[in-house]
Each structure stands twice: as C-alpha cells, then as structure tokens.
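Colleague: One-letter residues, chain by chain:
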Amino acid sequence: MLERLLSHDLPRNRALAVTLLLIAIGLALAPLWLPGSKSLGVAAKVLVFILLVASYDLLLGYTGIVSFAHTMFFGIGAYGVAIASTRLGPGFGSIAVGVAGALGASLLLSLVVGLFSLRVKAIFFAMITLAVAAAFQTLASQLSEITGGEDGLTFRNPEILSPSFEFSLAGFALDGRHLSYWLLFAVVLVLFLATLRVVNSPFGRALQAIRENDFRAEAIGLRVVVYRTLSNVLAAMLATVAGALLALWLRYTGPDTTLSFEIMLDVLLIVVIGGMGTLYGAVVGSVLFVLAQNYLQDLLKLAGAAVEGVPVLAAVLTPDRWLLWLGVLFVLSVYHFPTGIVGRLRAMTLARQRKG
Amino acid sequence: MSPATAAAPAAPAAVPKASFDWIPLALLVALMAVALPLVGSPSTWITLTVAGLAMGLIIFIISSGLTLVFGLMDVLNFGHGVFIALGAFVATTVLGAMSGFTASPSLGANLVAVFAAMLVAMALAGAVGWAFERVIVRPVYGLHLKQILITMGGMIVGEEIIKVIWGPLQIPLPPPEALRGSIFVGDAAIEKFRLLAVAVGLVVFATMAWVLARTKVGLLVRAGVQDREMVEALGYRVRRLFVGVFVVGSALAGLGGVLWGLYQQSVTPQIGAQVNVLIFIVIIIGGLGSTLGCFVGALMVGVLANYTGFLAPKVALFSNILLMVAILLWRPRGLYPVTNR
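First to last, the sequence lines map onto chains A and B. For the record, in the first sequence the residue sitting at position 190 is 190 according to the working numbering, with numbers rising by one throughout. For the record, in the second sequence the residue sitting at position 173 is 1173 according to the working numbering, with numbers rising by one throughout.
Keep in mind the hints are simulated off the structure, nothing from the lab. Using N, Cα and C, we set each Cβ at its ideal position, and we do this for glycine too. A couple of the hints might just be wrong.
[Claimed, not checked] Coverage of chain A stretches by chain B, computed from C-beta distances (three or more under 8 angstroms per stretch; other residues unrestricted):
#, segment
1, 137-149
2, 321-333
[As the list claims (entries may be wrong)] Just some of the chain A residues that point at chain B, by a computed CB distance under 7 angstroms:
#, residue
3, 64
4, 66
5, 88
6, 89
7, 90
8, 123
9, 127
10, 131
11, 134
12, 315
13, 316
Please model the complete structure; the sequences and the hints are all you need to start from.
Modeller: Quick look at the structure:
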C-alpha cells in the first residue's frame, strides 16, 4: 500500500525515512500542536514551497533544464486567485475560476516559451526565461488596474476558510485558518504523490534519459523536444497551483511575495541543497530552508552578539547576512554533493549495503 | 561555411575574404532614421540618440567580455553582474575619497577622479574575476547545468559580500561637478556625462576591434571562438588565453559598472542582477560569442530604449524583449551567428 502510494520510490535510507515521516506527521497535525499564528504561517509556507520546489525539481533535477521563469508561473497562479476573488467576490466559485484561468494562461505561456527556446541549448533557455520573467514582473507591476501594481491585491476568502469561522473538534478550538491549512496540506500531499508517480513512470524515465544524454535519447527514438516541452508545461502547471495555494493562505498577492527574483533564487537553493533529481529533496530542503529563513537569523543574532567587536566576523555574522551562508552552502553543495542531502544519505546506505 | 571559402582550392594564393554582412548595421541606422519623423523635432531626436548611444556603449562595454568568454570556452557566466556591481561600488569609494577633485569646477580635475575610479574598478574587478575563474568556474568546465548553478551561486555570495562591505542600502553616485548638466548644440541638449560615456565606449570598442583584428592574441581568440580544438591542436594553450579573456572581461564589466553607476547616479547591491537581464538580451540579439553582434545589439537596445521611453513610456519597459523576439524570429541565432555553435 505505502509502496504503491510512493510509486515504489522509497526513501532508501533509514534516517531519511524517519525524517520524512516526522515532517509528514508534523505538517499534518501542525494546527494542533503549533502555538500561535506565526508558526502556522511558517508551516503553510513550507507546504507551498514543497510543491513549488518539487515542480521545479521535475524540470531541473529530472529533465536537466534550467529555467528562471518558474516564479512567473507561481505568480500567475497567485494572481489568478487574487484577481478572480477581488472581481467576482469571495467564494469557491471565484477561486475555481481563478485557478482555471491561471492554469490556462500558464499552459499557453509555458508552451510558447518551451517551443520557442527548448530546441536549442540549455543555456539559451536559461537566458530566455530570465528575460521573460523580468518582463513579466514589469508587466505585473505596470498593469496596476488589474494587478494592483506594486501594492498587490488584498482579498477575502470564502467564509468557511476565514478566521471568523470558529468551531471545535475533539476538544480543539479551531477556525477557518486551520481549515485552509488542511486544504493546503491535502492539495500538496496529493500533487506531491502525483509528481512522484510521474517521475517514476516511463515518461519520467525518458526525462532522465534526456537529462543524462539528450543526443543518445534522440538516437533511441525519444522525441526530445516534445518531452522537454511536456516537462516544462507540467512543471509550470504545478507551480501555478502552488501560487494559488499561497494566495489562498496569505489572502494577498503582490509582486514581492510571488514574482520576485529572490524567490526564484530561494527555489534554486532549496532544490540543490535538498537534492536534485530526488523529490524527497524538495521536502527536506523546503523544511530546512524555511526554518533557516525564519529562525537562522535569530541564531546568527546570537553568534553576532558573541563576536561583537571583532571587525570582519561581526559584519559577516549579522542576521541580515543569512543568505551569504546559504549561498556558500549552495556553491559547496553543487561541487561536493551534487545530489544534495537526500542523494548523500542514499549513497551512504548504498555503500553500507555493499560492504555488508 | 560560406561559398567563398569553398572556392578556395582553385587559387591558393588569394585568401578568400568573407563578405561583410552590412544588414544589421543598416538596420541600426534605419531604426534611428525611422525614429526621426516619429519623434518630430530634430533637437529632441539628437538628445535621445546621444542618450541611446551612451547607454548602448555602456552596455556594450559590460557585455563584450561575457560574449567572448562564452564564445571561447562555452562558459556562460551568470555571475557577471557581480563585477558590474563591484565596479560601481568601487567608484563610490574612490570618488568619495577624491571629493576634492570631484567638487572642483575644473574639468581636468574631474576627469582625473573619474579615470582613477575607472582604473581602480578595472583592477579590482579583474583581480576578483581571476579568483572567480579559478575558484568557481574552473572546476565545472564543460558541465553546462552546473555552470549555470555555480555562477548563479557565485553571484548570490558576491552580492552578499558587497552588502557586507558597503552596506545593503542605495548609495548616491553623482557625476563630478563639471560633468553635470548639459551642453547645447543648436536646440539639442546633450548631457555632458553621456558624451564622456560615448567617448569611453568608442575607445574601448576601437581598442578591442584593433586587438582582435590586428594582433596575434586577437587572432588566437577569434580562432579559438570558431574552433577551439583546432587551435589547441596547433599547440596554443587556449585555457590560458581563456583566463586572460575572463580577467579582461571582468575588468571591462567593472569599468562598465562605474559608467552605469554614474549614468544612473546611484548604486544598489542589486544593480548586478538587474543589468544581467539586459546584457543577456544583448548577447542573444548579437549572436552568442560575436563581438560585433554584441556591439550592434547593445546600440540597438540603447537607442530603442530611449526612443520608446520618449514616445511610449509603458512600451519602453518591454522594448528590449520585443526587440529580442523580433530579431530571433528573423535570425534565430542572433545578428551575427558565430560558426560551430
């Protein structure tokens, strides 16, 4: 049963399996054990990032394509929900309309960008997507009548998902925020397992063949352009859903929360540190990264206080420079563990089995 | 392979000369000519054209190194923006330290300060470029995916280090006293600093064209861009050449950073990432690896940005990408495609 759910792609390392189990249980029950709304927000962000990073891993880790336009699709999803909710009023109907519209837009855009630039080298695609994403970000901030410009859009969720909807269940006092958290959890869980299914299907094998050697893949009869484009479209759709979930959670959509290049870099960092080509890496990486983003700064504050007065060290250890350390970690992991944390753990198990 | 080279065996003495492709240059001139009636007044047109050329030449200075590095070693440096930011920040420090020179009304003293800033920026950016090549780029030759990731990582780290040294906030970078304001040619106002930028840009382009066309190093670079393995087989160390080109490219990015910072009159640590998008568009338009293409592409982007900024400010934000799409529909490999790529 479990094996089928995970598409026969088990963690293959005891420590990893335990970690994943803990993360899954922790996230599923987050509204019950996490105190306060800030920490629930962190948990929701982890969920959104798991889906976003898993979709990016489909592209980068499994197909070997570097795209810098992934946050564009993320943003389309978020804006879809926001625009529909502000125009049509709060309700599940308008969310459905928004998601459907966003999916359509992402489908079209990813298809066009893919067919236009995936025929040539990986580097070319990376540059084109960088330019397209920058243009889209400008577009979103310019069309302020529709998107709210730099201020973004604030909107209301359906009644049942808003904080004022209070009820109690098995002795826990809950409200609509908790319900929307569980909605997020359910959608992310289903789509994550679906993605796992995709990468372990014959289609996923073909993608990996293309990643390893596109020339040879073409020679054995795989239509490389078609596969790459499909992978690009699929990843874009998943990112769109992730964006819609983020908008639902925040009840706000703006350029900074969805479209900014910083988020693109965050996703890149998570994929590489977690492990390219292993979807579990998206889970482990997202948890680590979001925790670091929210709590590493506190840790650095402590370290910074300890070295107060030492000139260079103090400047480097301020909480504002947490990205510096992640960047260094990123560079080191591309060199030394290109398969990231998950790949490293799996390799350790494999080595032990060979020895034993 | 052009038909001219195929006909070579008949007359071995005469080296076949490839016919020069004038169309992109003509397109640039046509672009300017079309803009004249649209803009209306000739004086405004002159102002816009000079501004566009200045912007284009700065972009050319920044991106020329990048395109050569790519052409020579197939390495695309996504961290190129760091050198731009470095150059611009060094300029704030140098010009700040030489405030006596920048505040004086004499043009000579101002130029001394600006040139000092340029030299220091180039030296530092070149040195950092050398280290960057050694530490970041060298271990991942030939691995495209890792190259993109690692140079991007280098950019994140570089940007953060800049924040450590100069702080995360925007720093104003006003041009020196005598370079502020405009001079008038007839009715046309031309900002003085833009003239300086045009002059520096033309000098860099002329020097680069001369080195590439007339010296042995330039010959090797051009040959290496066309067919690296053949040059290596003839006994030249393309790797060493590449390090040189990388350092020079980084130094030029530093120089461009100084000019760009003065052009924008302020510097932020994110400047590198912002300009990165622009220079990628330029080298795609020009044809990856082509210096001349980069030159024409940069000028097109510069003048078009200024014309559309005047005629339709909303469109101006997308003029680059529209230009890129149009060019790629016409020539899918850029204006001047380099062979073997």
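Colleague: For every hint, state whether the structure bears it out.
Modeller: We went through each hint and held it up to the structure:
no.	hint	verdict
1	137-149	holds (count 3)
2	321-333	holds (count 8)
3	64	holds, 6 angstroms
4	66	holds, 5 angstroms
5	88	violated, 27 angstroms
6	89	violated, 30 angstroms
7	90	violated, 32 angstroms
8	123	holds, 5 angstroms
9	127	holds, 4 angstroms
10	131	holds, 5 angstroms
11	134	holds, 4 angstroms
12	315	holds, 5 angstroms
13	316	holds, 6 angstroms
Against the hints set out earlier in the document, violations occur for numbers 5, 6, 7.
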